[in-house]
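**Q** These are the residues of each chain, in order.
There are 4 protein chains.
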Amino acid sequence: MSIRILVTGGTFDKEYDMINGKLDFEETHVPEMLKLGRCTVSTEIRTLMMVDSLEMTNTDRELILHNCKTVPEDKILLTHGTDTMSVTAEYLAKANLPKTIVITGAMIPYKFGSSDGFFNLGAALAFLQTLPHGVYVAMNGRYFTWDNVRKNKQTGLFEEL
Amino acid sequence: MSIRILVTGGTFDKEYDMINGKLDFEETHVPEMLKLGRCTVSTEIRTLMMVDSLEMTNTDRELILHNCKTVPEDKILLTHGTDTMSVTAEYLAKANLPKTIVITGAMIPYKFGSSDGFFNLGAALAFLQTLPHGVYVAMNGRYFTWDNVRKNKQTGLFEEL
Amino acid sequence: MSIRILVTGGTFDKEYDMINGKLDFEETHVPEMLKLGRCTVSTEIRTLMMVDSLEMTNTDRELILHNCKTVPEDKILLTHGTDTMSVTAEYLAKANLPKTIVITGAMIPYKFGSSDGFFNLGAALAFLQTLPHGVYVAMNGRYFTWDNVRKNKQTGLFEEL
Amino acid sequence: MSIRILVTGGTFDKEYDMINGKLDFEETHVPEMLKLGRCTVSTEIRTLMMVDSLEMTNTDRELILHNCKTVPEDKILLTHGTDTMSVTAEYLAKANLPKTIVITGAMIPYKFGSSDGFFNLGAALAFLQTLPHGVYVAMNGRYFTWDNVRKNKQTGLFEEL
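Residue numbers (our numbering), protein chains in the order written: chain P, 24 to 184; chain E, 24 to 184; chain B, 24 to 184; chain V, 24 to 184.
Honestly, the hints are just simulated from the structure, not real lab data. Since this is a predicted model, take the numbers as computed values, not measurements. Among the hints, erroneous ones may be present.
It does not matter which identical chain is meant; a pair holds if it fits inside one copy or across any two.
[Stated by the list, open to error] Once the Cα atoms are required to be at most 30 Å apart in a straight line, the calculated BS3-like pairs of lysine-lysine come out as:
1. Lys176 <-> Lys58
2. Lys92 <-> Lys122
3. Lys45 <-> Lys122
4. Lys45 <-> Lys117
5. Lys174 <-> Lys92
6. Lys92 <-> Lys45
7. Lys117 <-> Lys58
8. Lys45 <-> Lys176
9. Lys92 <-> Lys58
10. Lys45 <-> Lys58
11. Lys174 <-> Lys117
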């Protein structure tokens with residue numbers, strides 16, 4: 024049993040660029056997080072892009088879908104910005120793949136201390152191993168089906184519709 | 024849906040006592056971890072004891088079992104030292120409760136940076152929401168049934184028998 | 024012997040606002056840093072403003088100078104954004120106060136893990152206790168006199184002119 | 024101007040050994056701390072030993088003194104366990120070397136989050152650059168002369184005699 028991890032960026036992987044004082048992306052931190060979590064589940068990581076999900080286009084989503092279709096694994100973890108998780112979830116669900124796809128991310132960058140990212144990664148990997156085929160969002164310690172989730176913009180928490 | 028969290032200590036909650044230079048226990052860190060993980064799953068926490076699991080006796084296990092039986096929730100997360108997780112798992116499994124019990128812990132104390140505890144907590148809470156009734160150990164990003172798990176003392180990793 | 028700490032913001036105290044995904048300021052972290060450092064030096068903290076020093080105006084600097092003049096202490100630690108530390112240093116030096124003023128800050132926000140802030144605070148407090156009256160910048164483990172310092176914009180390191 | 028850093032261990036450099044659940048020593052963390060602090064002061068690090076200072080003998084202290092005498096630098100930072108800092112300070116002071124020696128350490132291991140080590144290192148390096156020849160202990164944001172310091176065993180704080 025192996026899990027494919029597809030990285031697209033989002034707050035999860037944001038970093039602080041000290042020279043220009045802005046937030047940006049470098050390499051994904053998923054490998055070091057799996058190491059810290061002492062994860063023995065077999066995983067294969069591929070970074071597709073490193074973007075804020077507000078800037079994600081359907082061309083980006085088509086790339087994500089293409090990868091979901093073509094990777095050999097039937098369990099896929101997708102790291103993603105929280106702002107358009109439900110949009111991507113719906114896009115992928117329409118393809119009706121015989122796979123379990125769990126989308127997760129973070130409200131606070133992993134690198135910034137006090138991040139929810141590490142906890143979310145553990146939860147998402149667990150859900151991937153037990154949920155039946157379908158597309159899900161895993162945030163706040165819970166999972167939501169693709170058609171019953173939204174991000175509450177005031178609280179930054181995910182909830183059912 | 025509510026989850027009961029029963030705390031028994033273990034490396035998960037160990038701290039450094041700066042005055043005597045030794046490791047000890049204070050209050051459990053589970054509440055702050057759930058807050059950091061922005062967990063919206065309804066949980067009820069009860070600290071049963073704060074012990075190194077090598078020092079756990081069957082009297083302690085009987086107390087754990089008693090709580091598992093009597094709490095209203097049918098989903099129970101048990102934090103526990105890694106050394107005798109499988110012993111407690113077997114003890115609880117024999118009672119055949121109509122509940123899902125997931126045991127987790129950490130190899131490095133949560134308070135000591137570089138801990139696997141936060142990741143394990145996320146995974147364990149997720150497994151609790153999807154696994155059928157039974158007793159499980161959740162470590163290293165995976166879950167094991169109570170009758171098919173042991174801690175490898177050389178590597179500190181959990182594996183099937 | 025007491026030290027006055029005047030807080031003006033800068034990267035030192037920046038935080039991540041998870042709702043809008045931007046960096047901003049909340050309360051200063053100097054009190055918690057002094058506590059973590061187990062600092063027994065007597066200090067009095069006053070937050071004058073919380074700004075990025077690129078946005079600091081001479082009206083702001085006049086407020087800083089006014090406080091430097093009027094506080095009873097003759098040892099003053101000023102936390103400040105790194106971009107215009109030398110500008111403020113010169114502004115204060117011109118007043119020729121019979122006081123020791125040490126300006127410090129950070130290239131990475133204290134709250135973002137991997138910060139130089141905590142180290143810089145320790146160094147700055149130490150320099151304050153040993154340097155004669157004058158105005159200094161303390162960064163990178165060193166001190167510079169107000170008239171012999173600049174921030175290298177490429178490396179983010181401070182150096183003599 | 025270059026600073027010699029002599030490492031002897033102490034709580035400063037303690038780590039958690041997850042396999043046997045005990046505290047132990049690995050490599051010193053001083054290099055990574057200097058990097059994190061973005062320290063541009065020229066330093067040369069030598070690890071003399073990695074011991075709890077309660078176990079330090081006069082043979083160990085003779086080795087420390089020998090190094091203090093023979094290194095080319097006249098500014099020496101000594102990392103040391105807090106329990107017998109004043110004993111080593113006196114031992115070194117008796118040699119009356121034409122050097123500035125500052126001893127520092129930590130009450131909480133650097134690796135254990137919430138450590139005072141990083142702050143103490145910044146302070147000690149700063150004191151080294153401004154104090155006249157002599158032997159000092161730098162803890163709690165302050166410096167003490169070798170003949171006027173003791174560790175308060177109840178509070179873990181350093182104070183004058």
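**Q** All the hints need checking, so say for each whether the structure fits it.
**A** Evaluation of the provided hints:
no. : hint              : in the structure
1   : Lys176 <-> Lys58  : between (32 Å within a copy, 18 Å between copies)
2   : Lys92 <-> Lys122  : within (9 Å within a copy, 37 Å between copies)
3   : Lys45 <-> Lys122  : neither (37 Å within a copy, 35 Å between copies)
4   : Lys45 <-> Lys117  : neither (36 Å within a copy, 33 Å between copies)
5   : Lys174 <-> Lys92  : within (26 Å within a copy, 37 Å between copies)
6   : Lys92 <-> Lys45   : neither (35 Å within a copy, 35 Å between copies)
7   : Lys117 <-> Lys58  : neither (34 Å within a copy, 34 Å between copies)
8   : Lys45 <-> Lys176  : both (23 Å within a copy, 14 Å between copies)
9   : Lys92 <-> Lys58   : within (27 Å within a copy, 36 Å between copies)
10  : Lys45 <-> Lys58   : both (28 Å within a copy, 21 Å between copies)
11  : Lys174 <-> Lys117 : within (20 Å within a copy, 42 Å between copies)
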